[in-house]
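K.L.:
In case you want the letters, here they are:
Number of protein chains: 2
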Amino acid sequence: MSKASPHFLKLHQELIFPVVEEKARALSENSLQAKPLLNFGVGDVAFPIRGAIKKALLEAVEDVCTTRRGYGPSTGHPFLKKAIVDVEYGKYGIKAQEVFISDGIMSDITSLLELFHKDSKIALPNPTYPVYLDSCVLSGRTSFPKKGLYPEITQLPCTLETGFVPKPPRKKCDIVFLCTPNNPTGCSLTKDDLSKWVAYAKKHNSVLIVDAAYEAFIHGKDTPKSIYEIPGAKDVAIELRSFSKTSGFSGLRLSYSIIPDSLMVKLDKEETPLNKIWKQRQAVTFNGPSYLIQKAGAAALSRKALEESKQDIDLYRKCGQILKDAIIAQGFECFGGENSPYLWWKCPEPLTSWEFFDYLLQKHHMISIPGSGFGSLGEGYVRLSSFTTEEDTKKALSRIKEMKF
Amino acid sequence: MSKASPHFLKLHQELIFPVVEEKARALSENSLQAKPLLNFGVGDVAFPIRGAIKKALLEAVEDVCTTRRGYGPSTGHPFLKKAIVDVEYGKYGIKAQEVFISDGIMSDITSLLELFHKDSKIALPNPTYPVYLDSCVLSGRTSFPKKGLYPEITQLPCTLETGFVPKPPRKKCDIVFLCTPNNPTGCSLTKDDLSKWVAYAKKHNSVLIVDAAYEAFIHGKDTPKSIYEIPGAKDVAIELRSFSKTSGFSGLRLSYSIIPDSLMVKLDKEETPLNKIWKQRQAVTFNGPSYLIQKAGAAALSRKALEESKQDIDLYRKCGQILKDAIIAQGFECFGGENSPYLWWKCPEPLTSWEFFDYLLQKHHMISIPGSGFGSLGEGYVRLSSFTTEEDTKKALSRIKEMKF
Numbered sequence: 001m002s003k004a005s006p007h008f009l010k011l012h013q014e015l016i017f018p019v020v021e022e023k024a025r026a027l028s029e030n031s032l033q034a035k036p037l038l039n040f041g042v043g044d045v046a047f048p049i050r051g052a053i054k055k056a057l058l059e060a061v062e063d064v065c066t067t068r069r070g071y072g073p074s075t076g077h078p079f080l081k082k083a084i085v086d087v088e089y090g091k092y093g094i095k096a097q098e099v100f101i102s103d104g105i106m107s108d109i110t111s112l113l114e115l116f117h118k119d120s121k122i123a124l125p126n127p128t129y130p131v132y133l134d135s136c137v138l139s140g141r142t143s144f145p146k147k148g149l150y151p152e153i154t155q156l157p158c159t160l161e162t163g164f165v166p167k168p169p170r171k172k173c174d175i176v177f178l179c180t181p182n183n184p185t186g187c188s189l190t191k192d193d194l195s196k197w198v199a200y201a202k203k204h205n206s207v208l209i210v211d212a213a214y215e216a217f218i219h220g221k222d223t224p225k226s227i228y229e230i231p232g233a234k235d236v237a238i239e240l241r242s243f244s245k246t247s248g249f250s251g252l253r254l255s256y257s258i259i260p261d262s263l264m265v266k267l268d269k270e271e272t273p274l275n276k277i278w279k280q281r282q283a284v285t286f287n288g289p290s291y292l293i294q295k296a297g298a299a300a301l302s303r304k305a306l307e308e309s310k311q312d313i314d315l316y317r318k319c320g321q322i323l324k325d326a327i328i329a330q331g332f333e334c335f336g337g338e339n340s341p342y343l344w345w346k347c348p349e350p351l352t353s354w355e356f357f358d359y360l361l362q363k364h365h366m367i368s369i370p371g372s373g374f375g376s377l378g379e380g381y382v383r384l385s386s387f388t389t390e391e392d393t394k395k396a397l398s399r400i401k402e403m404k405f
Numbered sequence: 001m002s003k004a005s006p007h008f009l010k011l012h013q014e015l016i017f018p019v020v021e022e023k024a025r026a027l028s029e030n031s032l033q034a035k036p037l038l039n040f041g042v043g044d045v046a047f048p049i050r051g052a053i054k055k056a057l058l059e060a061v062e063d064v065c066t067t068r069r070g071y072g073p074s075t076g077h078p079f080l081k082k083a084i085v086d087v088e089y090g091k092y093g094i095k096a097q098e099v100f101i102s103d104g105i106m107s108d109i110t111s112l113l114e115l116f117h118k119d120s121k122i123a124l125p126n127p128t129y130p131v132y133l134d135s136c137v138l139s140g141r142t143s144f145p146k147k148g149l150y151p152e153i154t155q156l157p158c159t160l161e162t163g164f165v166p167k168p169p170r171k172k173c174d175i176v177f178l179c180t181p182n183n184p185t186g187c188s189l190t191k192d193d194l195s196k197w198v199a200y201a202k203k204h205n206s207v208l209i210v211d212a213a214y215e216a217f218i219h220g221k222d223t224p225k226s227i228y229e230i231p232g233a234k235d236v237a238i239e240l241r242s243f244s245k246t247s248g249f250s251g252l253r254l255s256y257s258i259i260p261d262s263l264m265v266k267l268d269k270e271e272t273p274l275n276k277i278w279k280q281r282q283a284v285t286f287n288g289p290s291y292l293i294q295k296a297g298a299a300a301l302s303r304k305a306l307e308e309s310k311q312d313i314d315l316y317r318k319c320g321q322i323l324k325d326a327i328i329a330q331g332f333e334c335f336g337g338e339n340s341p342y343l344w345w346k347c348p349e350p351l352t353s354w355e356f357f358d359y360l361l362q363k364h365h366m367i368s369i370p371g372s373g374f375g376s377l378g379e380g381y382v383r384l385s386s387f388t389t390e391e392d393t394k395k396a397l398s399r400i401k402e403m404k405f
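The listed protein sequences derive, respectively, from chains S and A. The opening position of the first sequence corresponds to residue 1 in our numbering, with each subsequent residue numbered one higher. The opening position of the second sequence corresponds to residue 1 in our numbering, with each subsequent residue numbered one higher.
Hints in this document: simulated from the structure, not taken from any laboratory. Treat the hints with caution; some may be incorrect.
Since the list gives no way to pick one copy over another, a pair counts as held whenever it fits inside one copy or between any two copies.
Unchecked claim - Lysine-lysine pairs mimicking DSS-like chemistry, simulated, CA-CA at most 25 Å apart:
id, residue 1, residue 2
1, LYS363, LYS10
2, LYS172, LYS196
3, LYS118, LYS10
4, LYS171, LYS3
5, LYS118, LYS3
6, LYS266, LYS191
7, LYS146, LYS118
8, LYS196, LYS3
A quick note: this is a predicted structure, and the numbers were derived from the prediction, not measured.
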């Protein structure tokens, strides 16, 4: 019998989302009629695709049905790269050739790891988006976990003590995953934080992989929307962005990576731009995202679509603020939400993440995500998503007011 | 400086398609006006998306703009899996849970390799679709090539002597890539060929990865459209199919893998279904293809769309037959094309693949693909694609009649 990769046995993190869904499904019809389910769980958008994007999609359908649109470039269509530079990245001096289109940040995380030597030392936040760690595990970067931690992976605590964002460690790491605003803690790295990371990367010759999926929620003056606001970042940082949370593309699938020309790595004895290797990799394994969806992406960067998406984001942020205020007013501790769609709600002692999750679900029919699913240091918290409606937010308020510990 | 994966240095195959494009672009405007360029190069479809699929796409756009369609299942939407079982795979006893939706066979080849132990011995045809070998190289399955061959990869010759299809080797290999009809040789594995491969896999506990991207071109009675026509294949074979060549989706991006429940692998000491591991892998790295494109895929399997795509395929096959007849009438040797969109044209001696390619391009303004780009045993041939129009085929005929050696 053929042998499977042993790395699959090393995945010790439970996949939280299916368990959460299963538990929600188990609620009885009768009880749900009395008190409808409110979903603050998965970070998915609450609205359909908006008008300006619809128009582009209809035109693109007409286009592919009248003109032959075959294989596109494996790194994405030039029209979309141009729109990204014009609207988002030109201001940081990024050029179209440094933009690489993809179908989702999730895919890119796994793929980017393939570019680096297997001995590279990796650091990542704890708690954070579980895909960074799982990708490291499946690509054979780790041995089996000991007491819940992988010996080869450097954990960067995101706790109350660190302001829920990762700080540079003493030791040298070759690849550092950062997520800002951090999922699930809902806190963002400030200009000062990011400057320290760029200095760290310069000192240790590290590469920073910055997941900026939620940048649209950032509005504070001192909180950069891109690491390229920091001088020197283009020599050390890759930045990942998605259309999922900004333009509601979670079902359409579109994202991109910025890999600057000046980010060099050592390929055997030669220095080479990392993006040259990325292009090789993509040429072997990818034909680019769907033409239709890339057309929709370009439309999502039009003035009208950006205005529409800003309205949605403002609404999500307002819902998050209302929820956070109510939670704090009720005597709980709650963090995040300023520059992020996520609230990081401290469980009342002595409840664990899953116990508090169960309490919220069973007693109040509110779906959250147990913090422990994002890493060991997420224990003792649940994550609440503000991708919701005003109506559901209002319903949640009265339920929060009933909570007593 | 961070170290890159050394496997990128091992990629020795030239990427032929960019070189071919570059050479075609270099032709002068003046000469092209006198004799227009005929593209029989890349295997891309020649027509826009057809009517029945257009209707579904327009409905799907309406749908995502009125109803929230967020993250889908990482293995694809049930409605598409059901359509695939109803139309294509139910007749072989395959169930929806054994169908896994993806954005392209190219992506799946690289991803599937991740499931297997790094020590697995791999065999693949020569010549064949270069992505199998390149994926093996980039995932670290090989050392550096010696005299153009990778010592750890077993080459399966597809030459005149083997009828241009791979035959089982004596030695045991754990993973075998098969492509039927084989790209680029244009020849298909018969029922007898496939039965021998299934027997081989059963004897050696191997897994067959069968790329059936071009199955729609198969019409011979003795040539199976699926390996699952062979008894026992469900225990040993994965089959990959694409909507690219059958329904013109090369720009839309949609494919699927069949991984039967009975295909078992050893994960440490336990036997486990391979598809269970695939589900784990996809959950970590993929959110499924775009909802819109999956809707289009389901529509492509409707009776009306299948009739439309059959007309296109019949036309491509007719063009292929006309070209092949003319090439042979002119005194050349030419193979393939019966059950495939590809003709395998033997270069007149003493010309190499690239020399004959250059002759066809410079003198006759016909784009082909040099056979050497598909593996060392492709040297001495060029590949001609019949994804073309009747008009271009007709133009090619008069040019072929001028060829003298």
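K.L.:
Confirm or reject each hint.
P.N.:
How the hints compare with the structure:
1. LYS363 x LYS10: neither (35 Å within a copy, 59 Å between copies)
2. LYS172 x LYS196: within (14 Å within a copy, 54 Å between copies)
3. LYS118 x LYS10: Both: 17 Å inside a chain and 15 Å across chains, each within 25 Å.
4. LYS171 x LYS3: between (36 Å within a copy, 17 Å between copies)
5. LYS118 x LYS3: both (21 Å within a copy, 9 Å between copies)
6. LYS266 x LYS191: Classified as neither: same-chain Cα gap 29 Å, cross-chain 49 Å, threshold 25 Å.
7. LYS146 x LYS118: Both: 20 Å inside a chain and 23 Å across chains, each within 25 Å.
8. LYS196 x LYS3: Between copies only: 22 Å across chains, 44 Å inside a chain, cut-off 25 Å.
This entry does not satisfy hints 1, 6, going by the numbered hints stated previously.
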